[in-house]
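*Asks:* Here is what each chain is made of, one letter per residue.
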Amino acid sequence: MKNTKAMRHSGPSAELEAKGLHRLAGERVLLDNISLSVHGGDRIAIVGPTGSGKSLLLRSLAMLDPIDAGEVQWRGESVHGRDIPRFRSQVIYLQQRPALVEGTVEENLRQPYFLRAHRDKHFDRERVSRLLSSLGRGDSFLSQHQRDLSGGESQLTALLRAVQLDPAILLLDEPTAALDSDSTAMVERLVIDWLSEMPSDRATVWVTHDDEQSRRISNAMLQIHDGKLSKDVHERIR
Amino acid sequence: MNGYVELTNGQVALAGLLILFNGAISIGLRLQMEPSLLLASVRTTVQLLLVGLVLEWVFRLERWYVVLAIGAMMTLIAGLTAAGRNQRRYPGIWLNTVISIWASAWIVTSFALLAVMRDTEPWYDPQYAIPLLGMVLGNTLNGISVGLNTFTEALVTRRDQVEAQLAMGASRWEAALAPIQHAVRTGMIPIINSMMIVGIVSLPGMMTGQILAGMAPVEAVKYQVVIMFLVASATSLGTVSVVLLSFLRLFSNDHQFLHGKIK
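Protein sequence lines correspond, in order, to chains A and B.
Here the first sequence is numbered in this note's numbering, starting from 477 and rising by one per residue.
Here the second sequence is numbered in this note's numbering, starting from 14 and rising by one per residue.
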């Protein structure tokens with residue numbers, strides 16, 4: 477926790493806690509003993525130069541990559557093995573390049589409900605319609621084929637697919653890096669709307685290159701450089 | 014339909030003259046394939062003569078450990094060849110192909126020797142064991158090779174989809190299921206296709222050989238049907254096995270896709 481002790485916590489205990497994450501590639505240190513915690517209500521931006529380890533940190537928080545040392549805890553329990561799919565259904569990582577399956581937008585949105593981790597939920601078309609309408613999109617968007625979507629629309633679909641599953645934390649890996657300003661605004665709008673449904677229970681960790689964006693979407697900022705989270709760089713900006 | 018025309022060395026050499034046509038085409042079209050043609054012709058003759066000599070020696074010895082040793086060597090070479098054909102590599106790929114081809118070919122060949130052709134005496138009779146294993150290995154090798162190549166290629170090209178599934182809470186099995194199905198299906202298509210057209214478009218080499226050697230066509234067909242079933246089941250077993258073993262190497266117990274292992 478040495479890197480984040482100056483960060484104030486809004487909840488009684490951390491929802492997501494990384495302890496001493498360490499990752500090597502041969503001699504090179506990719507993640508250097510990183511500890512941080514994420515609580516309900518946190519909107520954290522992670523900034524840093526290209527190759528500094530931002531994405532790797534985010535992927536490690538989602539436990540998508542193996543680490544050489546350290547652990548990830550979810551609600552006070554160490555996460556490993558068979559618990560991981562359930563954990564990832566609560567802490568969803570969204571990649572920079574949206575990865576959709578063959579089919580329409582609606583088929584893509586229905587797809588996660590076939591997974592064991594989401595079988596107790598069901599696709600709620602009305603809710604999705606409401607979300608779309610708040611973004612100025614009609615229901616006809618649902619019947620579009622993924623091949624016909626623009627980059628922004630694909631990312632919007634990937635984000636919709638994630639938020640409809642009601643995760644507690646979204647880990648966003650530069651989701652707007654390849655998008656134009658209109659699409660970026662739409663993606664930000666959707667994340668903010670989703671957060672505002674349960675503002676003190678939900679959290680985001682958003683990796684971005686864009687300083688302006690980091691101010692818009694975060695209330696705390698962490699800087700990473702050569703795999704190290706810099707001390708005392710996080711600040712409450714709201 | 015008794016016996017067969019025993020070929021003299023001169024008759025074999027006469028058949029070899031047909032390769033001169035290929036040489037003429039190569040020269041006419043300036044393909045520069047004459048050295049390869051010559052080498053291939055010499056290798057065909059020498060390799061098959063050597064196999065003939067080895068088989069004669071094995072048949073004469075009729076010792077179970079010699080049959081097993083020859084079978085083991087054939088299996089090992091087939092397993093290594095299957096991995097060698099794959100365009101992508103990962104640590105342990107050689108072991109996986111050898112285990113898969115070993116298990117599938119030997120289970121199926123044992124079943125054929127002990128259950129289907131139970132009248133063979135002894136059970137390891139090299140006249141049956143070695144050709145059967147050879148037929149099964151040759152075809153299983155193709156299935157394993159195609160299945161493995163398709164699986165690793167699908168994982169590389171669909172990496173984003175696989176990771177997106179994992180990121181939403183899919184187990185490693187759920188995330189890899191589509192590439193697994195695609196690979197197993199692709200590995201089994203050639204043998205199913207050849208079962209569809211056998212006897213109509215093609216006459217299998219083994220059956221043709223038996224008929225040339227004097228066996229009644231219906232008897233030769235029975236052998237061929239058995240072989241087709243053996244090959245189909247060994248190919249399925251081998252393909253499923255190599256794909257599942259690869260899956261276990263490339264996805265961790267922590268439901269991570271270890272994409273960095275694929276080179």
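The set of hints was computed from the structure by calculation and includes no laboratory data.
Backbone N, C-alpha and C fix where the C-beta goes; we use that ideal spot for every residue, glycine too.
Be careful, since some hints might not be right.
[Unchecked claim] Covered stretches of chain A, going by a simulated chain B footprint (3 or more residues, C-beta under 8 Å):
| # | stretch |
| --- | --- |
| 1 | 519-527 |
| 2 | 537-546 |
| 3 | 553-560 |
| 4 | 592-606 |
*Asks:* Which numbered conditions among the earlier hints are violated in the structure presented, ordered from lowest to highest?
*Replies:* 1
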